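> Chain residues, written in single-letter form:
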Amino acid sequence: MTSRATVLGRIRAALADAPADTAAPLDRTYRRRHTDADNTLPLLVENLRDYRAIVHEVTPDQLPSAIADALRRRGCTRVVVPAGTPETWTADVSGIELLGDTPPLTVDQLAAADGTITGSAVAIAETGTIVLDAGPAQGRRALTLVPDYHLCVVHAADVHASVPDALGHLDPTRPLTWISGPSATSDIELNRVEGVHGPRTLEVLVVRD
Amino acid sequence: MTGTFLGMPPFPEAAHDAVNNAQLRHNLRKATHTIRGKRAAVVDELDDWPQLRAAGKAIKDHTLRHLDRYLIQVEEAVTAAGGHVHWAADADEANRIVTDLVRATGERDVVKVKSMATQEIGLNEALADAGIRAYETDLAELIVQLGDDRPSHILVPAIHRNRSEIREIFLREMAEWGEPAPADLTDEPRVLAEAARRHLRERFLSAKVAVSGANFMVAETGTLVVVESEGNGRMCLTLPETLISVVGIEKVVPTWADLEVFLQLLPRSSTGERMNPYTSTWTGVTPGDGPQDFHLVLLDNGRTHVLADEVGRQTLRCIRCSACLNVCPVYERAGGHAYGSVYPGPIGAILTPQLRGTASALDASLPYASSLCGACYDVCPVAIDIPEVLVHLREQVTEQPGHRAERAAMKAAGWVFADPSRLSRVQRLAGHTRRLIPKRLPGPGAAWTDTRNIPEPPAQSFRDWWAQERGSDGSPRRDDA
Numbered sequence: 001m002t003s004r005a006t007v008l009g010r011i012r013a014a015l016a017d018a019p020a021d022t023a024a025p026l027d028r029t030y031r032r033r034h035t036d037a038d039n040t041l042p043l044l045v046e047n048l049r050d051y052r053a054i055v056h057e058v059t060p061d062q063l064p065s066a067i068a069d070a071l072r073r074r075g076c077t078r079v080v081v082p083a084g085t086p087e088t089w090t091a092d093v094s095g096i097e098l099l100g101d102t103p104p105l106t107v108d109q110l111a112a113a114d115g116t117i118t119g120s121a122v123a124i125a126e127t128g129t130i131v132l133d134a135g136p137a138q139g140r141r142a143l144t145l146v147p148d149y150h151l152c153v154v155h156a157a158d159v160h161a162s163v164p165d166a167l168g169h170l171d172p173t174r175p176l177t178w179i180s181g182p183s184a185t186s187d188i189e190l191n192r193v194e195g196v197h198g199p200r201t202l203e204v205l206v207v208r209d
Numbered sequence: 001m002t003g004t005f006l007g008m009p010p011f012p013e014a015a016h017d018a019v020n021n022a023q024l025r026h027n028l029r030k031a032t033h034t035i036r037g038k039r040a041a042v043v044d045e046l047d048d049w050p051q052l053r054a055a056g057k058a059i060k061d062h063t064l065r066h067l068d069r070y071l072i073q074v075e076e077a078v079t080a081a082g083g084h085v086h087w088a089a090d091a092d093e094a095n096r097i098v099t100d101l102v103r104a105t106g107e108r109d110v111v112k113v114k115s116m117a118t119q120e121i122g123l124n125e126a127l128a129d130a131g132i133r134a135y136e137t138d139l140a141e142l143i144v145q146l147g148d149d150r151p152s153h154i155l156v157p158a159i160h161r162n163r164s165e166i167r168e169i170f171l172r173e174m175a176e177w178g179e180p181a182p183a184d185l186t187d188e189p190r191v192l193a194e195a196a197r198r199h200l201r202e203r204f205l206s207a208k209v210a211v212s213g214a215n216f217m218v219a220e221t222g223t224l225v226v227v228e229s230e231g232n233g234r235m236c237l238t239l240p241e242t243l244i245s246v247v248g249i250e251k252v253v254p255t256w257a258d259l260e261v262f263l264q265l266l267p268r269s270s271t272g273e274r275m276n277p278y279t280s281t282w283t284g285v286t287p288g289d290g291p292q293d294f295h296l297v298l299l300d301n302g303r304t305h306v307l308a309d310e311v312g313r314q315t316l317r318c319i320r321c322s323a324c325l326n327v328c329p330v331y332e333r334a335g336g337h338a339y340g341s342v343y344p345g346p347i348g349a350i351l352t353p354q355l356r357g358t359a360s361a362l363d364a365s366l367p368y369a370s371s372l373c374g375a376c377y378d379v380c381p382v383a384i385d386i387p388e389v390l391v392h393l394r395e396q397v398t399e400q401p402g403h404r405a406e407r408a409a410m411k412a413a414g415w416v417f418a419d420p421s422r423l424s425r426v427q428r429l430a431g432h433t434r435r436l437i438p439k440r441l442p443g444p445g446a447a448w449t450d451t452r453n454i455p456e457p458p459a460q461s462f463r464d465w466w467a468q469e470r471g472s473d474g475s476p477r478r479d480d481a
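The listed protein sequences derive, respectively, from chains S and W. For the first sequence, the positions run 1 to 209 when the working numbering is used. For the second sequence, the positions run 1 to 481 when the working numbering is used.
Since the hints were derived computationally from the structure, they do not count as laboratory data. Treat the hints loosely; a few may be bogus.
[What the hints assert, rightly or not] Computed spacing ranges between beta-carbons, pair by pair:
| hint | chain 1 | residue 1 | chain 2 | residue 2 | range |
| --- | --- | --- | --- | --- | --- |
| 1 | S | Gly168 | W | Glu76 | 22 to 28 Å |
| 2 | S | Ala18 | W | Ala447 | 34 to 40 Å |
| 3 | S | Ser65 | W | Gly131 | 52 to 58 Å |
| 4 | S | Ala37 | W | Gly106 | 52 to 58 Å |
| 5 | W | Thr79 | S | Ser65 | 48 to 54 Å |
| 6 | S | Arg78 | W | Asp378 | 51 to 57 Å |
[As the list claims (entries may be wrong)] Some chain W residues close to chain S (C-beta under 10 Å, calculated; not the full set):
| hint | residue |
| --- | --- |
| 7 | Ala31 |
| 8 | Ala158 |
| 9 | Arg163 |
| 10 | Thr221 |
| 11 | Arg313 |
| 12 | Arg317 |
| 13 | Trp465 |
These numbers were taken from a predicted model, which means no experiment stands behind them. Using N, Cα and C, we set each Cβ at its ideal position, and we do this for glycine too.
Modelling step: build the complete structure from the supplied sequences, incorporating the hints.
Laid out in structure tokens, this is it:
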């Protein structure tokens, strides 16, 4: 007998006396969200900052200069720019090498880069979370993992109040990365330290469009 | 479960040493109280917490009731998405599957994401026997591994270590495993974390094979979910060519939408955060992004035994948040090692004896490692009635051989209580001989009196007092009239 048959057989035997599951649909009386639509954007900014991300709110017109300013402040010389990133985003950037990922960069090239600029798929206000789905302007997962600095653009239209709201806007067949602040550990006497293995700095540009 | 803890003394003995270790008690108290406070604050932010908790319980119960169906669904979805699914009836089989998969890659090193399931089966030891070195990459697991130590908490395995101990371990051991610690290493948490970052960086960038567990797997889509903080999980799940995930069969949830419940319950209950810094989800393989060879090992290893017990099966709802550890007065004083298992605290006290059975003295002692205060039940995000299961397991333990004295005593007590005149005679006898009753019982009874005082019998029983005061007809005696 295969182990598959063994395990499934054990499960069926274990449940032989279990009462039939009630046909009634599962009680989902929990809230779909815990905040008003008006408060969604301010709450996202507040919660991102609470988890030590650097956050700026900008208009669409200000985005190119905000990106250039952020990279300059950070002292970047080589920055990864995923496929599908709008050219306008980097229009004001000068004196910085922009690395595309086609053909794919090696891990050593990624490790040698100062940072990555990406967009995002969805953001969640209540938890201060940004979700990347490897779509346009986000690239594969390693791009936002290996370099030490992540500059992330979030459009107000993609900001949802809650986890239940956000899940419905995500495609589970894509690889997803949910980011709530920079990498952090609390393993040493429960002191929070940012940046263990992922990026040590997360900077977010929230675009009110 | 793993042989790591074989030969451990029963809980009271192991706990005895721990409670006398002032440093350990200080570390534990500080840590558990800190997380407890953070958890309470973020749970209070959600006024629908009771409804979320009820939904979490209901989803898990429903899934367990149809576990066969949902596991087959996971298998189909993962396979359709380009992954491979393996079934492991026990620890040995799971270890053999993983070892063979690693061997097939030709690699001798694997990086690991913190995983309770692989600790449970003793995977690192099995790989070592096959000449394969497994590197733990979670900071706390790294501290435990370098210190040749055992984990003492589900979420914060090195909770028993303070910063100066960690510094010593890093200085002493890191060079043996790779990039050495810098000579000027201080005991600042930031500096220690930086040393760990450097120590593991090369390892991550060159690793070809990774082993992980999963917090959830979604039947509907075949999606696996790993919840973490440091980014070591993302490194292992993304950079290697081959990914092997060992996942307990109870981790399945039916639909993608069900994650909306658990991704609210888990981070708030475990680290006391609104959301953990990183959550990764993946479905099979994605061309051009992440490992191109993905294996899911579905692990039974005693879980179907737990499922077969009507009272005990609720244990399989556990999402390993560890909230129960942080509120437990027994865990806070005894520490995690006393439980002799990778699952310590209240959940360990019910999960371990169900997974392993209660044949050993250690496992038989675990259902008693509790004051039954119920704090664990109150905080459990999936409402596992841990005290109910503890009492149920105690009943099972007393039914097995080796409790003759206790059973004889209970039988005698039953005979006495069955007849009021017998009871009065015994009470009178006890009252008259009260000066002769020792403080400490001899023989097997000593185990009882070592931790409890024998109540002194009253000089006169209530029945005798009542008869004396009111007479046999029950009317008050008016002696003063």
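> Would you mind marking each hint as holding or not holding in the structure?
Results for each hint:
As the Cβ distance of glycine 168 of chain S to glutamate 76 of chain W is approximately 23 Å, the hint placing it in 22 to 28 Å holds. The hinted range of 34 to 40 Å is satisfied by alanine 18 of chain S and alanine 447 of chain W, whose Cβ atoms lie roughly 37 Å apart. One distance hint, 52 to 58 Å for the beta-carbon pair serine 65 of chain S and glycine 131 of chain W, holds here, with the actual separation near 57 Å. The beta-carbon spacing between alanine 37 of chain S and glycine 106 of chain W, approximately 55 Å, falls within the hinted interval of 52 to 58 Å.
At roughly 49 Å, the beta-carbon separation of threonine 79 of chain W and serine 65 of chain S lies within the given 48 to 54 Å, and the hint holds. The hinted range of 51 to 57 Å is satisfied by arginine 78 of chain S and aspartate 378 of chain W, whose Cβ atoms lie roughly 53 Å apart. At about 6 Å, the closest approach between the beta carbon of alanine 31 of chain W and any beta carbon in chain S falls short of 10 Å, and the interface hint on this residue holds. Taking 10 Å as the C-beta contact cut-off toward chain S, the hint placing alanine 158 of chain W at the interface holds, the least distance being around 6 Å.
The beta carbon of arginine 163 of chain W comes within 6 Å of a beta carbon in chain S, closer than 10 Å, and the hint placing it at the interface holds. For threonine 221 of chain W, the suggested interface contact is upheld, since its CB lies about 4 Å from the closest CB of chain S, less than 10 Å. Taken as an interface hint, arginine 313 of chain W checks out: its beta carbon lies about 8 Å from the nearest beta carbon of chain S, inside 10 Å. Evaluation of the arginine 317 of chain W hint against chain S yields a violated restraint, the C-beta minimum of about 14 Å exceeding 10 Å.
Taking 10 Å as the C-beta cut-off, the interface hint given for tryptophan 465 of chain W is violated, the closest approach to chain S being about 50 Å.
Checked against the numbered hints given earlier, the structure breaks hints 12, 13 and satisfies all the rest.
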